[in-house]
Amino acid sequence: MKRLLNIKSNLSLGARIFLAMTVIVVITFILISLITIPQFKTQSDKYHSKRLERKEAQIQRSIAYFSKEARQYLDIEQFDSILSEKIYEVSDVQSVKFSIYDLEGKLINSTLPKNEINSIDSNLLEKILNEDDSKIIEITRRDNVQYRSSYSLIIDDNFQALWILNLPYYDDDNLNSYELDSFLIILGEVYFFLLILSIIISYFVSQYMTKAISEIALKMKQTRLDKTNSKIKIIARSKEVNSLVESYNNMVEMLDKNVKELSQSNKEEAWRQMAKQVAHEIKNPLTPMKLSVQSFERNFKEEEDNNDSKVKEFTQTIIQQIDTMSSIASAFSNFAEMPIQKGEKTNIVLAIKLALEIFKEENILFKSDSEKIIVEIDKPQIVRIITNLIKNSIHACQNVKVPELRVSIIKKIDIVAIKVKDNGHGIPKELISNIFEPNFTTKSGGMGLGLGMVKNLVMSYNGKIDFDTKLNKGTTFTITFPIVN
Numbered sequence: 001m002k003r004l005l006n007i008k009s010n011l012s013l014g015a016r017i018f019l020a021m022t023v024i025v026v027i028t029f030i031l032i033s034l035i036t037i038p039q040f041k042t043q044s045d046k047y048h049s050k051r052l053e054r055k056e057a058q059i060q061r062s063i064a065y066f067s068k069e070a071r072q073y074l075d076i077e078q079f080d081s082i083l084s085e086k087i088y089e090v091s092d093v094q095s096v097k098f099s100i101y102d103l104e105g106k107l108i109n110s111t112l113p114k115n116e117i118n119s120i121d122s123n124l125l126e127k128i129l130n131e132d133d134s135k136i137i138e139i140t141r142r143d144n145v146q147y148r149s150s151y152s153l154i155i156d157d158n159f160q161a162l163w164i165l166n167l168p169y170y171d172d173d174n175l176n177s178y179e180l181d182s183f184l185i186i187l188g189e190v191y192f193f194l195l196i197l198s199i200i201i202s203y204f205v206s207q208y209m210t211k212a213i214s215e216i217a218l219k220m221k222q223t224r225l226d227k228t229n230s231k232i233k234i235i236a237r238s239k240e241v242n243s244l245v246e247s248y249n250n251m252v253e254m255l256d257k258n259v260k261e262l263s264q265s266n267k268e269e270a271w272r273q274m275a276k277q278v279a280h281e282i283k284n285p286l287t288p289m290k291l292s293v294q295s296f297e298r299n300f301k302e303e304e305d306n307n308d309s310k311v312k313e314f315t316q317t318i319i320q321q322i323d324t325m326s327s328i329a330s331a332f333s334n335f336a337e338m339p340i341q342k343g344e345k346t347n348i349v350l351a352i353k354l355a356l357e358i359f360k361e362e363n364i365l366f367k368s369d370s371e372k373i374i375v376e377i378d379k380p381q382i383v384r385i386i387t388n389l390i391k392n393s394i395h396a397c398q399n400v401k402v403p404e405l406r407v408s409i410i411k412k413i414d415i416v417a418i419k420v421k422d423n424g425h426g427i428p429k430e431l432i433s434n435i436f437e438p439n440f441t442t443k444s445g446g447m448g449l450g451l452g453m454v455k456n457l458v459m460s461y462n463g464k465i466d467f468d469t470k471l472n473k474g475t476t477f478t479i480t481f482p483i484v485n
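The numbering used here numbers the first residue of the sequence shown as 1 and each following residue consecutively.
Since the hints were derived computationally from the structure, they do not count as laboratory data.
There could be a bad hint or two in this list.
Straight-line distance between alpha carbons at most 27 Å, and here's what the computed DSSO-like set of lysine-lysine pairs gives [unchecked claim]: (1) K372 - K429; (2) K221 - K231; (3) K419 - K401.
Keep in mind that this is a model prediction, so the values were computed, not measured.
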């Protein structure tokens, strides 16, 4: 039972509609058959009972009429003799065999070929004479054939009992059985046609119903927070489907509105944090610049011979600090510049090879399961992601005697995994939770915007980024993207 429920829960809506209509037709056929068969038997019993009554009534009228006419002119011996002959005449006319008994239960005459019953059982005779209905029907079965034996009184015009009529009747059900078989065959043919028709109708009905639901499911699957979601434009005849579409469209409107509000709130908060960080980073080079200017002002004298060297030293200090400020501005600009998605389908293997071209002197080992893996990501952005990860790995290996950098692409069923592995110093355990924070860095210089930018880019293209690190053994960054079929 549990297995059956599991199979049922795995069926699609279309399959359930098809199965339901098929089961309804089959069950209807079975129920009608179960009702029809007893009904035919009941009708057969009624038919045989009525036929027996008609035959019995005809024989009674014939015998009673003969008795009325003959008794007026014949004595008893002549009457009994002629009655015996009349019985055969009536039997031939009515095409039925019967026996006549007197009121004491003794056989007068019988048209049956072999009548071994010369008298009626006393108990049965008592019932015949005393029953108000004055008719007794006994049903017996021999050799799988049902027999009815009717015992009734033949009465005259004065309602006086004359004789007892015994009419055996054989229930010939061959005709009824033939009619029943014919009916069931015709019924089966009709329901077979209905079954084929229901299969065709259920197919189109399920297609019609599930088309709208499938489109709704597809739209729901494509619903994302980082893009504008389109509404569903379906005019369905089903009120329930229309209600579902309307609810989804209202949800999309609410979602887009909430996303915009949340995005605006996050941007404001991010810019506030970034402004603090930028202000802090800019102050760092400004302080040595101020001190250098003050020192130069104190120590500079026009008549001294080493003025050139002092000016050169001062200039180098100022330029160095200006370069630091310039790098801060560039990093800030790169982080703030979020990609405009073009929906480009890129061979990620070629794109990563292109990104590694600028790091030829680093002896980076590259390996890929396939030469062509298509991912929906803009080519400049995957280059940007890999470049940042490689730079981080190079920096992590600065103090390593034999640095090793490996980039591998692993193709799975519906995703591709990109691994960037180094044997650098690793990330300390207490810093792991902050590694993707925008203002976090493990370097002595810079703002720490690289990994934060990388994560934003990866997530904007439906990707995931994770890492595994061991102190003094190295770090492996793993990025996964869905493959485009």
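Hint by hint, which ones does the structure fall short of? Of the numbered hints, just 1 does not hold.
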